[in-house]
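*Asks:* Residues per chain, in single letters:
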Amino acid sequence: MTSGALRKGPLKPVGDLLNYSRKYSLWMFQWGLACCAIEMGAALAGPRYDVMRLGVIPFPASPRQADLIVISGTVTDKMAPAIKRLYEQMPDPKYVISMGSCANCGGPYWDSYSVTKGVDQIIPVDVYVPGCPPRPEAFIQGVVMLQERIQSEDPASRWNGGHWEPIVVGAAAGEVDA
Amino acid sequence: MSDDGAPDAAEGATSMSDSNVALLERISTALGSDAIVESVESLGDLVVRVRADRWRDAAQACRTELGFDYLSFVGGIDWQPAPSADEGSGDTSAPVQPKEQTYGVAGSAGRFQVFARVASTHVPRVGLTLKVDLDEESPAVASWTSVYPGADWHERETWEMYGFDFHGHPSLRHLYLPSGFEGHPLRKDFPLLAREVKPWPGLVDVEGMPGDASDETEAPDSAGGGDA
Amino acid sequence: MTATEPRAPGFEVDPSLYRHLADAQVNVEIDTGDMVLNLGPQHPATHGTLRLVVRLDGERVVASDVIIGYMHRGYEKLSEFRTYPQITTLINRIDWLSSFANEVPFVHAAEQLMGVEAPPRAQYIRTVLTELSRIATFLLFLGEMGLQVGAITPAFYGFRDREYVLNAIEAATGGRFHPNFNRIGGLKDDLPWGWAAETREAMRKILKSCDDFEDLVVANPIFQQRTRSIGIIPAELGASYGVSGSNLRASGVDWDLRRDGKPYLAYDAIDWKVWTHPDGDSFARYWVRLQETRESARMVLQLIDAMPSGPIMAKVPRIIKVPEGEAWVNTENPLGEMGYYVVSKGATGPFRVKIRTASLSNVSIAPWLLRGAYVPDVITILASLYFILGDIDK
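Residue numbers (the numbering used here), protein chains in the order written: chain A, 1210 to 1387; chain S, 14 to 241; chain G, 803 to 1196.
You can trust all of the hints, since none of them are fake.
Stretches of chain A that chain G covers, calculated by requiring three or more beta carbons in the stretch to come under 8 Å of a beta carbon on chain G:
| # | segment |
| --- | --- |
| 1 | 1240-1251 |
| 2 | 1318-1326 |
| 3 | 1339-1352 |
FYI, nobody ran anything at the bench for these hints, they're computed from the structure.
Even glycine gets a Cβ: it sits at the ideal position worked out from N, Cα and C.
Construct the entire structure; sequences and hints are all you get.
*Replies:* In structure tokens form, the structure reads like this:
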């Protein structure tokens, strides 16, 4: 990551505090499309896998108040423009978690005439959570790994053209190529 | 109603169960026996192929005279065999279908058919499958929406998937596909391009496929397993 | 109230504004144009990617159009390019809440064409897992319909209780949903040791929680006011639209494919009841599903007690080739009648699979049903019809 003023020198504690507060108050815009949305719902609303204890709040009133979008489910060509429009409505810094194999790469419908082969064809993705559907624990792992990245990142890098490798949940270090 | 154990397609009316024979009688009386081109019992279900110009009359007879108040679905079939890999379509991983054009249990005059299923919510275990042949050049048939309002969406789906025209339908427009979609996906000559560009990933597995055409059994015979 | 009447204390208006208030009153009487409101495809209240375009006159719906297809994945075309076991993997995801129940009619159709029958133990286990899927689906419904109407607590109860059922399904099949447990000819594996005792315990918890739902939601006067007489489906019209399942039973039609269709699985062997309600409104649909959840829990208890022992897989060849023929199998899935019309030409994969899904027909009545409804009732009606987008869009 590029290092801006908030990541070094006397302002570094400010940067750490800013990142700390950002990572524990992620407002998640839930784009629940298909089966993965049920697992995401179990992670959010279920008392067993409660993700609110990590600070991820799942009910923003509109995309303009959201930091995080989770694409869970199959992306079809008919739905793709709506996803793109809603992604563009979110203010920066924003993060995208692609949940499930349909959102990662088209999944079981890789040969369908109406399915977009992966949401990363439309919007940039920060975390890939593989699975069909991924267990709520896997989804929470993705959120936690994203939070770790937020803690150590420079917020200005998103405007300064910084480049970051997407996280793949379940992959050992060094195995991932973007 | 006894199940017809023989799955062979071309059985005639002689092997039908009694209830299906009675049902066929009632349909013939309601529509006139010249409206029925062929009828057969397939695995316990009565399948009746009607003449194309009597399609809506058949629906009306089903709803009013035969008491079939429930519409299950209306769909289409394209009997043309899909182009196979050795004809150069490039997809080597799909199951290989026979190359001759055959027509299923109630036969067909050509490539396209519309079929529908109706049932009764008052009489248990009775239902009827109806089929009708469509012209290959300009496939069209009467719409059922004036008889069964639920046929509206089924016919829209059949239109967008096959290109069949339904006369009398209030508005034949896309149901599932985006409005700019070109082509009719369920026709056999509509290729799935993703499969032609790249073969089924499972083909690159390390393990070879088990021996073909062998009748060895695969039953893990766990007698009395579990604790129920 | 005219501009010259005294206002309540505290409500002070600049007198120069009185003219505007008078204008506002006049505007109410002028006939303004209808407003077109677009709900979806992303909306917290629609159950997935459904788009509803309604034309409003004030708060009342004049006309509506339902636009679907945002989850269309092309199952029927994909089935023509896959072998039978591969399709079993795929069709789980049509109705993604009750995924075990989606596989059953297809596997049944293939078995009928092949002339094999799954052994009795496999039939019983299939029945148990189907009923567990039904309970899981309905618990989500019982929770989220409360949510759509405005009560948030039932949603948490529903999700909590669903976890018990998903635990049981996962212990047996390995997957919380999308188990891929059916094989043509039987099942993949037998039940694990101790499963019956745990499932009995889970069903007791479900029965208790159904009583909770009854006290919390059904008896709640606000819920009753929001749902009684809202969205009445007449029985005859519903049947001609193809509405099926609990929606039709809530309109008084005594029809359940587990009893009235061709016999399948182990429903003949146990004692159970079909629940109907004469009203046909949203409350009736909620009530019927609540009773059916209880009934399913009792059925699971009976099935576990009556389970025969034996093999769980019939003798089928390793490579499944289904002989030529056409089979239609429809079953009572949680959402309604689901059926597969399988056309086979003797290959390892089908020639054509026509999938009849319940939610497509259930939602097709929505434009008729929403005429004259208020905007909040639109949400109530859609919630009570209970569709799954994958089931509508295939």
